[in-house]
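S.K.: When you get a sec, could you build the whole thing from the sequences and use the hints?
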Amino acid sequence: MTAKRTITVDVNGKQYQREVEPRLTLADFLRHELNLTGTHVGCEHGVCGACTILLNGLSTRSCLTFAVQTDGQSVTTIEGLAAPDGTLSPIQQAMAENHGLQCGFCTPGMLMTLTELLRDDPDPDEAKIREVLTGNLCRCTGYTGIVAAARAAARHVRDRAEA
Amino acid sequence: MKPAPFDYHAPTTLDEALSHLSSLDNAKILAGGQSLVAMMNFRVVTPDHLIDLNRVSELSGITVNDRRLRIGAMTRQRDLEFNAEIAKVCPLIQAGIAHVGHRQTRNRGTVGGSLAHADPSAELPNICSAHDARIEIQGSRGKRMVPMAEFMQTFMTTAIETDEILTAVEIDLWPAGHGYSFQEFARRHGDFAIVGAAALIDLDADRRVVRAAVSLCGVEAAPSRLPAIEAALTGQKLDEDAIEEVAGLAGDIDAIEDHHASSGYRQHLARILTARALTEANARASGGQIGTNS
Numbered sequence: 008m009t010a011k012r013t014i015t016v017d018v019n020g021k022q023y024q025r026e027v028e029p030r031l032t033l034a035d036f037l038r039h040e041l042n043l044t045g046t047h048v049g050c051e052h053g054v055c056g057a058c059t060i061l062l063n064g065l066s067t068r069s070c071l072t073f074a075v076q077t078d079g080q081s082v083t084t085i086e087g088l089a090a091p092d093g094t095l096s097p098i099q100q101a102m103a104e105n106h107g108l109q110c111g112f113c114t115p116g117m118l119m120t121l122t123e124l125l126r127d128d129p130d131p132d133e134a135k136i137r138e139v140l141t142g143n144l145c146r147c148t149g150y151t152g153i154v155a156a157a158r159a160a161a162r163h164v165r166d167r168a169e170a
Numbered sequence: 003m004k005p006a007p008f009d010y011h012a013p014t015t016l017d018e019a020l021s022h023l024s025s026l027d028n029a030k031i032l033a034g035g036q037s038l039v040a041m042m043n044f045r046v047v048t049p050d051h052l053i054d055l056n057r058v059s060e061l062s063g064i065t066v067n068d069r070r071l072r073i074g075a076m077t078r079q080r081d082l083e084f085n086a087e088i089a090k091v092c093p094l095i096q097a098g099i100a101h102v103g104h105r106q107t108r109n110r111g112t113v114g115g116s117l118a119h120a121d122p123s124a125e126l127p128n129i130c131s132a133h134d135a136r137i138e139i140q141g142s143r144g145k146r147m148v149p150m151a152e153f154m155q156t157f158m159t160t161a162i163e164t165d166e167i168l169t170a171v172e173i174d175l176w177p178a179g180h181g182y183s184f185q186e187f188a189r190r191h192g193d194f195a196i197v198g199a200a201a202l203i204d205l206d207a208d209r210r211v212v213r214a215a216v217s218l219c220g221v222e223a224a225p226s227r228l229p230a231i232e233a234a235l236t237g238q239k240l241d242e243d244a245i246e247e248v249a250g251l252a253g254d255i256d257a258i259e260d261h262h263a264s265s266g267y268r269q270h271l272a273r274i275l276t277a278r279a280l281t282e283a284n285a286r287a288s289g290g291q292i293g294t295n296s
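Here the protein sequences line up with chains A and B, keeping their order. Using my numbering, count along the first sequence one by one with no gaps and you end on 170. Using my numbering, count along the second sequence one by one with no gaps and you end on 296.
Among these hints, one or two may not hold up.
Coverage of chain A stretches by chain B, computed from C-beta distances (three or more under 8 Å per stretch; other residues unrestricted) [what the hints assert, rightly or not]:
#1 26-35
#2 40-53
#3 89-96
#4 101-114
No wet-lab data here; the hints were simulated from the structure. Glycine is no exception: its CB is placed at the ideal position from the N, C-alpha and C atoms.
M.R.: Okay, here's the thing in C-alpha cells:
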C-alpha cells in the first residue's frame, strides 16, 4: 500500500520533480526533500503557524497540506522572499529594523503571513495586523516589534510607490 | 507527529470520487484538511485511503438564484469572507466567518469540510442552523437534501452515510434589510468558540418583529435553535428590557460541560451572547446604530 507518487511543484519559481509518499506533509517535503529548511515545523497540527507558506499566493499551513496535493501548483517559502541578489523584501528589512524577532523560530511563518497581508492590503491598521497575526504564535517578542515592522513595511512600500 | 501511511486518490469529478468511496475500505474524504489532517497527524484518524476533493471543480462556487443561495461544498471559507454578493444578500455568513480560525486556515478550509466535521462549537454549522439551510448529499443511490436541523446529530456525527459526500449547502435568503449578528466568546480570537450566538431579525414598517431566528453553538452537541425565543420575539417591538427578558430563556438549555467551561458558564454565555446578538440584529434591521459588541 501507499504507492509513491511523482509530483512536480514550482517552489520559489523553480520546478522540482520528486517521488513522494502520500503521507509526507508539504512542510516535511520542503525541509527534507528540497532542503529548504527556512520553513519551520512547530506544532504539526495547524495551531502555531510556524510552517506557513504561500500556496498559489495564499498563506497556508504546510503541516496541514500533503505534498502530493501540490502537484502542478506553486509554493512560495521564506527562501523566496528576498531578491536574487540577497536584498531583503520590505517586510524582512522592517522585521530586522524593528526588533520583530528574538529566537527567530516563528519568524518565517510571520513573514509569509505578513507578505500576503501587505500584498492584499497595503495600508493595514494595527487592529487588522493583530487580527491576521492571531494565526501565528510568537513566544518571545510580545508581538509589539512584529506589529511595528508590519506598519513600517507598509509605510516603506507606500513611500516607494509615491516616489 | 506524522500521519500513518495511506493511499491517495485525486479524482477530478464527483462521480469518480463517489466510485472511489464505494469501492475502497476505510476511506476518508479530504476537503480543506484543516481539521482532518491535524487529526491524522495525531493519528486520531488513520484512513487507509484518502480521497482528495480539491481537484473536483464542480464542487466549488457560489450562486444566487431566485432568493436562494447555493454554496458548493469545496468553496473555501476565504471565498465567503471576500464575496461581495454574500456580504449583501447573506451578511450573517460574513459576520460569522470572521470568527472561523485564522486567515491561513480560511484560505484552505471549506464550507463542506466544516459541516461534515461537525464540531459543536463551529460557526459555519451555526450559521446554517440559523438560516434553516438544506444540506445536499450525494451518493451512489442519488442525491438528497437534508434539513440542517437533522444534519448534525451529535458530536462530530452527521447524517452523511459512509458512501456519501456532502456536495452543497442551500440557503433561502431573508428579505433585504434584515438584521443579523454573530457574537462569540473564545479565549483568543480564532480559537474554538466556548459559545457563539447567531441572530436574524426581520422587522415590519412599524419595527415589530415579523420573523426571528436564533441559534447557538458550543452549548449542546449540535447547534441549538431556540424556537421559544423566536416565538417570544415575534410581534414585539424590541427594546433593551424586552431583549433581556427573552434572551434569559437561552440560559435554560442543558449545556454541555468540558475542560474549557462548566455547564453553568455556558448557560451564562448563552444568555449574554443571545442578548448581544439580538440587540445588534435589531439595530441593524432598524437601520440604526449597531451595537458595540461586534
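S.K.: If any of the earlier hints don't hold here, list their numbers in rising order.
M.R.: 3 and 4
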